[in-house]
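On the provided structure of chain L, position chain U as indicated by the hints.
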Amino acid sequence: MEIAVLVSLTISVFFTALGSLSLTSKRTIIFLALQAASIGFVELMYCLINLIIGLHMEALIDFLATFIEWFTCAVVIPLIIYWGIRRTEDIFEQPIVDGKKAIVLSIALAILCLIIGELSSSAIPESLETLPFVAFMFASSCILMIYRKDPPKILAGLNMAENAFYPLLAESPLNLIPFMLALMVFVNIVGVFITIEAYREYGTTLISKWRWIEQ
Amino acid sequence: MTVYSLLPLLALVTPFFTGALCLFTYPFDFLESFFRKIEKIVLLLGTGLTLLIILLMVPYILTDQILETPAFSLRADSLNMVGAIGTALIFFLASIYNVRAERGGRLKPSLYNFFILLFLICMLGLLFSYDLFGIFLFVELTIGVSIVLVIHAPGKLSPEAAFKYLIITAISALFVLLAVLMVFVITRNSNILAILDNSAPLLENPRLIMLIVICFVIGLGADIGLVPFHGWVPDVLPASTPIINVFFTAEPIALVLTLYKLIYPFYTTYPSQTLIWILLGIGFISVVFGALLAYPQRDFYRMFAYCSIEEFGHMILPLALFTPLGLTAGQFYIVNVSLMKAGLVACLGSVFINAGTRNMDSLGGLVGKMRTTALSYIICALSIAGVPPLSGFYAKLLIYTAIYEFMLQKNGIFTSVLTVMFLACMSIVSLVYLIRSFHAIFLGEPVGTFKDLREVPFLMYLPTIIISGLALLLGIQPDILLSIAG
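Here the protein sequences line up with chains L and U, keeping their order. First residue of the first sequence? That's 1 in the numbering used here, and the numbers climb one at a time after it. First residue of the second sequence? That's 1 in the numbering used here, and the numbers climb one at a time after it.
So that you can see chain L by itself, here it is in the shape it has in the complex:
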């Protein structure tokens, strides 16, 4: 694996871990944006270099597709979830680990993932060498979704989990990207719509209180 890719993946793991340990929904969204930005940054730079060197139509299309994908994941989707928070409430939730401990833990997890990634590289096919990083980010995001109780954080976790597949997704056919992005945006809009409707019905976005209010 190239060093730039390795660094970018390690940084993404760090932001994923931080996102899953953050206190407020707004902070989770910031980490979601940073995770998405860092995970797609190297690919975007490669496409930009190819465009500058090659200056041909294929490189331009490739760059545009990558840029749109990167922009949607790092800007559009966090903004959609942020809009949902503006229409409802930002819940302060104490995670299992907080403050400086969370940062230290995130760094430790990123380094651990880096070591595991290097050690397991001989056991898996070369084409799937990013799989340990993908699995780690996916698992962290799932943990975020399981133990948090407000929909914006859960939605952010869902997007972090989807972003985790970016290293594999980068190799998918180009004509698939518009459909994938449209669906990602659609699912997020649906998620935010449900959050707003739930807030209107129950007066809170805390999921644990929803059922009691129903009864």
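It is possible that part of the hints are untrue.
Derived DMTMM-like pairs: lysine to aspartate or glutamate, alpha-carbon spacing no greater than 20 Å straight-line [said to hold, decoys possible]:
{"#": "1", "chain 1": "U", "residue 1": "K156", "chain 2": "L", "residue 2": "E89"}
{"#": "2", "chain 1": "U", "residue 1": "K108", "chain 2": "L", "residue 2": "E201"}
{"#": "3", "chain 1": "U", "residue 1": "K156", "chain 2": "L", "residue 2": "E197"}
{"#": "4", "chain 1": "L", "residue 1": "K209", "chain 2": "L", "residue 2": "E197"}
{"#": "5", "chain 1": "U", "residue 1": "K164", "chain 2": "L", "residue 2": "E197"}
{"#": "6", "chain 1": "L", "residue 1": "K149", "chain 2": "U", "residue 2": "E160"}
{"#": "7", "chain 1": "U", "residue 1": "K164", "chain 2": "L", "residue 2": "E201"}
Just so you know, the hints here were simulated from the structure itself, not pulled from any lab data. All values reported here derive from a predicted model rather than from experimental measurement.
Structure of chain U alone, referenced to chain L:
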């Protein structure tokens, strides 16, 4: 013989254009008011035309031809044709029911129609598509659309149920994506048939094949509602509107057959017994869990939800055998049980719309007021339980034969007899709770508050009569479906 045909594409394009027409009226107020007058006719037209196009494909399939639109990796063959007919038929019957049953909700009529027709496109897309990425896109779209349809229901129940549904199924879709990406990265191909033709890269990593298959099982298992990924099912059914529940009965047809379509190439490449036992295990657990939890429910939609989980288990069992008889039995069972469930849930919806309650303890004596609904309910219930001469009997007989033959070959006579006896016992449990629900809702003394109730309008009980008729017809003449299933 493979024939180039645009019919599979046309089956997707027709509801798409009808849906787009509905969506076009959304931003314009003057069109919106006009559209409200024709909204239900448009939906009926969209689903009716789609059913007609699918029926046009049947003669080709009966003469062993495969209709293919290669540019979009769409294919109509004996594997998906029965499923496509069942899906389109349920949507058409549900659209008839919709004419009088739909009372409005969070979505405007134009958006409601658009999402219903998009849901139909997703189901048919899942059935006809042979491209892994195409299947993933349809899975993700199905999730988004079905969540929108759940949230359409007014009231306090739907937001919580919709959010739970969103999270469970969205995570499951990521498992499908992971599996699809792993296959693509290894084989550099996304067409299932092409992968089947050149499976050498996959064979280099048998453990990876198992990982891919497990990802598909988790991904689609959660969308179907198999145990242990069933968490959303008992919440979503009571939270949705009665009419949406009828549309939802078509969902397992596409999802279960898609799961088979995705797993089968990997089983052919690497015939692992572990895979069979994993699938059989999930199937058996779903059957037991669903049947035992359906029994004590007092809310009839929750009872129906657990009944559905039991049926999902039954659907998986014959397909997990990967035998020709298992495939035929599975197809017949999936379509038959989905149709019967559509009839059952339409009857329950009529009761709910009339009486305003789902609690079976506060219902009773409705048989005198709702004769046709009661008759349709008992026919569909008996068919699901597998009572002869209804279609469910033949479906269950086929499943038991397929499982018996498989077990006899692998584990001997004792295990095979025991397995079939166990499944028969589970069918008795389902018969008991379905009869009990009929007794609680329709028999006994009429409850005071429901004394002035009347039978629902003709268009609401017409679909249930058609389904009851089909239960009798397919029970006497199962060859009608079996000849298409091959």
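Structure-based check of each hint:
1. K156/U / E89/L: holds, 19 Å
2. K108/U / E201/L: Given pair K108/U, E201/L holds - Cα atoms ~19 Å apart, limit 20 Å.
3. K156/U / E197/L: Within the cut-off at roughly 9 Å; holds.
4. K209/L / E197/L: Between K209/L and E197/L the Cα gap is close to 15 Å, so the pair holds against 20 Å.
5. K164/U / E197/L: Measuring from Cα to Cα gives roughly 14 Å; hence the hint holds.
6. K149/L / E160/U: Cα-Cα ~12 Å, so holds.
7. K164/U / E201/L: Holds: K164/U and E201/L sit about 16 Å apart, inside 20 Å.
When each numbered hint is compared with the structure, no violation occurs for any of them.
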